[in-house]
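Undergrad: One letter stands for each residue in the lines below.
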Amino acid sequence: MFGFLVKRILAVIPVMAVVGLFVFSLLSLAPGDPAALIAGDQASPADIERIRASLGLDRPFLIRFGEWGWRILHGDLGTSLFTNMPVTTMIGQRVQPTVSLMLVTLILAVLVAVPLGVVAAWKAGRLLDRLVMGAAVLGFSVPVFVIGYLLAYVFALELGWLPAQGYTPIEQGVGSWFASLVLPSLTLGLVYIALIARVTRATMLDVLSQDYVRTARAKGVAQGGVLFVHALKNAAVPIVTVIGIGIALLIGGAVVTETVFAIPGLGRLTVDAILRRDYPVIQGVVLLFSFTYVLVNLAIDLLYTLIDPRIRY
Amino acid sequence: MSAAHPLAGESLGGEAPPGLAVARPLPDLYPPRKAYGRIRRTWRRHPTIVIGGIILLIVALMAILAPYLGTVDPTAIAPSRRTRVPSAQYWFGTDMLGRDLYSRVVYGARVSLLVGFAVAFFASIAGLVVGLVSGMVRWADSIIMRIVDGLMSIPPILLAIALMALTRGSIENVILAITVAEIPRVARLVRGVVLSLREQPYVEAAVTTGTRMPTIIWRHILPNTLAPMTVQATYICASAMIAESILSFIGAGVPPSTPSWGNIMAEGRALWQVKFYIILFPAIFLSLTVLAVNLVGDGLRDALDPRMAKDA
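As given, the protein sequences belong to chains A and B, one line each in that order.
Sequence positions in the first sequence follow our numbering and run 292 to 604.
Sequence positions in the second sequence follow our numbering and run 186 to 497.
Everything labelled a hint here was simulated from the structure, so no lab data went into it.
Hints should not be assumed to be uniformly reliable.
What the hints assert, rightly or not - Covered by chain A, per the in silico footprint, the following chain B stretches (three or more residues, Cβ under 8 Å):
no., region
1, 234-242
2, 342-351
3, 384-390
4, 449-458
All of these numbers come straight from a predicted model, not from anything done at the bench.
All residues carry an ideal CB built from backbone N, CA and C; glycine is no exception.
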């Protein structure tokens, strides 16, 4: 067990190294002179030289990569070309809205999707199941920002129930913080809900045909107990896995959701950085998001042993 | 049919002597099975493929015939007629530069379809090659899979965004960026299929009889990757369409001079609270098209892999 833990945690290192190398070498892979590209069309030669020097583009690739990696390991993600602020500071200012958005979405999605999937599996083939699965296909097909604008139009503009734009920090009151997150979370969560509900249903269908479920029914366990205790517990591993994998959807969707709802988070920071070609910021955000994603999935791998004691490494 | 079945009749009591049951005489021929046309049979078995296919066909015709569908130049600016609401003259209204939204939406179909199908094609081919090499060449496997693991831990949209940040916005670059972001998933899938195929008796038999590796791959491995690849390709097509619209929406995609559904929505962003229709029309078309591709994908998956059919 301990050996596995160490091995699994060490396996994060090569993955992150590949991510780092990729994110770093993007700049060199770009066609043409990266410094000129970042500087844009209206830049003077002096601007280009300044950017070249600040990115260290005048030195060999491997040396730059080594130094860059070393700095990152010390928590230094470089300096923004646009604001001249450290990237870590800029990220720090934007973390709260994004983390709030993603956590609320995650909780909301799991609370909605898992029961939906369980009920769909219970009523497999019937109207309710078809409705849920049909809604899931819709959820996969309607792009995040379309959902966002529709929700904002109906619930904020027409009905006026919730704020249409912006983010209220949690320090200004939990109520208004939550109110500012309801629509963005629904927007961001729909694909995620569709994904989790589908996997939950498929897994539950498998589990419900098992002998121990029949035994539970035979000894008189109530329907709810069979579904949510006997069956769901045994279906937990694939469901938890897809919750982890789906974090990638949340990260990609956050970029769009924050743009739609004008939330000053990391996604908005990414979009701004792209429009300004502020490469150190883009690198920092991509690294941070990927690292989060890898860590979450590491945590989930380790969770397996808790969820299912039969799994021994 | 069952009513005409020759052995179905038991109610002959009236004609038969008491205590005896007399079988009805057999007809010379069974009545012909009601013949279904190909289309009707496909419809009965895989309604989602038919519905999705029809929607896609309409969108494709719309893209091809765009100049002949009552459109005007989608890039023609007319400041005096800006932000007109939908009317008989401007079916979908005009945007803030006075461009005709109906024409822009119709022409926008070209971008979505082109990006969707091009990415599905290129990502499938590239992923197939990488997956085959990884599955067949032992020493390369661990190296390739480390790289794939790394790339897969970058959320695909973010990866495409990072790539687009470095190039100028153009349809070719959008296709390239989304393709690169999708390749790892295909490679993973193909590798998995190849690894399980390698253990199949017929592949082992081919190896034992001295069949050369290229022949084994061509005759035994490749045909069996086709079914999962086709399904995967439709899903890639759908997610590429969404990715393109997201990239264009945040300003890192197709250049503003080319009308695409994502672009139109990006331009309507500033006005969405007052002129919602600017966003609404491209949104409907985009969602419908992606839905159609997903329906085809779900239908193909059920058709090509019957074991999956019950799992939605």
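Undergrad: Decide, hint by hint, whether the structure agrees.
TA: Hints, one by one, checked against the model:
no., hint, in the structure
1, 234-242, "violated (count 0)"
2, 342-351, "holds (count 9)"
3, 384-390, "violated (count 0)"
4, 449-458, "holds (count 4)"
The structure fails to meet hints 1, 3 from the earlier list, while all remaining hints are met.
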